[in-house]
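*Asks:* Here's the letter readout for the chains.
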Amino acid sequence: MRTTLQTLVYLRRLQPAQRALLGKKRIEGRFTAVELLELLRPLAEFDGLNDRARGNSAWLIVLLVVVLVVGLFVAHALSWLFLGIGLAILLITLATLIVVEVRLQRLDVSNNLRRVALPFFAVLREDMPSDEPLQVSVDLTPSMTTAKKLRKDAPYALGSYHQVVDTHYADPWFSGSARLADGSRLRWEVIDEVLHSSRTKRNPRGKIKTKSKFAKRSLLRAMVSLPKDNYQYSDQHGVPTRTRITARGDDRRTAVKLSRKLKSGDAEPFDVGELIELVSSAYRRVRPATQGAAQ
Amino acid sequence: MSGCECKTGFFALRDCQEPALQRCKSCHRQMCRRHGSPDRSKGRCLDCAARAEPASPPASRLPGSRHVPKADTENTALDDHWVYNYRHRFYSSGYLPIYAGTHHSSYYDRYDARAFENLDVERDDSERDDSKRDDFADGGAGFGDS
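Chains as they are written, first to last, in my numbering: chain A, 1 to 295; chain B, 1 to 146.
No lab work stands behind these hints: they were computed from the structure.
Keep in mind that this is a model prediction, so the values were computed, not measured.
Any given hint could turn out to be false.
Residues of chain A clear of chain B, computed beta-carbon distances all greater than 10 Å [unchecked claim]:
1. R2
2. L22
3. K25
4. R41
5. N56
6. S57
7. L68
8. F73
9. V74
10. L118
11. E189
12. F214
13. D235
14. V279
15. S280
16. R287
Listed below are the simulated DSBU-like cross-link pairs for lysine-lysine, each with C-alpha atoms no more than 35 Å apart in a straight line [as the list claims (entries may be wrong)]:
17. K24/A to K70/B
18. K228/A to K148/A
19. K42/B to K25/A
20. K70/B to K148/A
21. K149/A to K70/B
22. K42/B to K228/A
23. K70/B to K213/A
24. K257/A to K213/A
Idealized CB from N, CA, C, for every residue including glycine.
Based on the provided sequences and hints, a complete structural model is requested.
*Replies:* Okay, structure coming up:
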């Protein structure tokens, strides 16, 4: 209850532009890293509070419903007058909680914001001139929406499940480009591919049971274009990685393309360290050029 | 050098252009407002605050692959303190940052930073001499052996 109140107070303190983003759940445009961080940090904090508040409220709603049902039986057995006022207060509290829960649910944004996008921007800020804007596109709507549905496979049987229906979603939720302080250019893209498998079986007592399983594959892609005046690229690198790397150069730059696939059994965001590691893979393969300086 | 001696950057380090406001009580480097740790009472720079943090959370690792330090983004404000903490863990996990600054500081030598050979760098030793002279000129006590 206290967290819910904190969340509502925090919501009122957000700037109109931040509240608009909570409604749109999409960030697009050119911003400096500092602007982005100032815009998104309060949103991330609100989202963390919101997640905790809704988790607590759900339990409270269940508890109040149980108390309400028990109260009705007790009131019926004893005296309606005695318990009527208490039950009315309980009912109003329950209705208020449900309304707040629904409202907060609508304002929920993907955890990708605070677990991946925001920390990545905080890291990029370090490598960018303070007045240089970066182009970003962040989609914070859930991965499993109709708009992101790729296809629904024909039902099939699998073991004890007489019907399995797989639905595939593609969520290209994060992309952008930036010019870094060392003269390099960075482009990145993250696509989440989610498989939702709805599995139905009949249990020994004859009841029909359906359960959902998820599998997520995140495709991380980046291109770092390094100025040859500053960096000499070398393909020789001893440590094996999970990153696929190709490099192509002209007389001025070396364009290093990097990609990596991450698999997960749930819909939780991947660790932002994976994206940072992907970009760093380009820098691991270069050494400072002996001719020219990086300023 | 009269500016902040902390280095900004993640993949490639470079000089911070901000004016210095105070000295770090731990490494004695000059630091600007941004590079001061949020914990003002300790008067440390963000780098020293990061180095003083306890050991990193478990890293994700596949057989034969490189160690990727976990970012631990769930319960943090994702502020400069988080960035410098993560930077320290990332460098400690084996990443050798490119060093593109013009002022060399031995502070980052432990990360085996890869420096540009032909930069006209101000060496750390001469800088220390200058800073001592500044301390005396300002009437400061300087740093003596205890």
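*Asks:* Could you run down the list of hints and mark each one as holding or not?
*Replies:* Hints versus structure:
Separation of R2/A from chain B is adequate, the least Cβ-Cβ distance of about 18 Å exceeding the 10 Å criterion. Residue-level check passed: L22/A sits 18 Å from the nearest beta carbon of chain B, beyond 10 Å. Look at K25/A: its CB is around 19 Å from the nearest CB on chain B, clear of 10 Å, so calling it non-interface holds up. With a minimum CB-CB distance of about 7 Å to chain B, R41/A fails to clear the 10 Å threshold, and the non-interface call is violated.
For N56/A, the condition that its CB be more than 10 Å from all CB atoms of chain B holds, with the nearest at approximately 17 Å. No Cβ of chain B comes within 10 Å of the Cβ of S57/A; the nearest lies about 20 Å off, and the non-interface call holds. The claim that L68/A is not at the interface with chain B holds, since no C-beta of that chain comes within 10 Å of its own (minimum 35 Å). The Cβ of F73/A lies farther than 10 Å from every Cβ of chain B, with a closest approach of about 43 Å, so its non-interface assignment holds.
The claim that V74/A is not at the interface with chain B holds, since no C-beta of that chain comes within 10 Å of its own (minimum 42 Å). With a least beta-carbon separation of about 5 Å from chain B, L118/A fails to lie farther than 10 Å from that chain, contradicting its non-interface assignment. Its beta-carbon lying about 18 Å from the closest one in chain B, E189/A satisfies the requirement of being farther than 10 Å from that chain. With a closest Cβ-Cβ approach of about 20 Å to chain B, F214/A is found to remain outside the 10 Å limit, as its non-interface label requires.
The claim that D235/A lies off the interface holds: its Cβ sits roughly 17 Å from the closest Cβ of chain B, which is beyond the 10 Å cut-off. Some Cβ of chain B comes within 10 Å of the Cβ of V279/A; the nearest lies about 7 Å off, and the non-interface call is violated. With a least beta-carbon separation of about 6 Å from chain B, S280/A fails to lie farther than 10 Å from that chain, contradicting its non-interface assignment. Against the 10 Å criterion, R287/A falls within the reach of chain B, whose nearest CB is about 6 Å from its own CB.
For the hint pairing K24/A with K70/B, the CA-to-CA distance comes to about 30 Å; that is within 35 Å, so the pair holds. Distance hint between K228/A and K148/A is unfulfilled; the C-alpha atoms sit about 40 Å from each other, more than 35 Å. Pair hint K42/B plus K25/A does not hold up; C-alpha atoms about 40 Å apart against a cutoff of 35 Å. Between K70/B and K148/A the alpha-carbon distance is near 29 Å, which keeps this suggested pair within the 35 Å criterion.
Only pairs whose Cα atoms come within 35 Å are accepted, and K149/A paired with K70/B is accepted, the gap being roughly 31 Å. Taken as a hint, the K42/B and K228/A pair is broken in the structure, with Cα atoms around 43 Å apart against an allowance of 35 Å. A distance of roughly 26 Å separates the Cα atoms of K70/B and K213/A; the hinted pair therefore holds under the 35 Å criterion. Between K257/A and K213/A the alpha-carbon distance is near 33 Å, which keeps this suggested pair within the 35 Å criterion.
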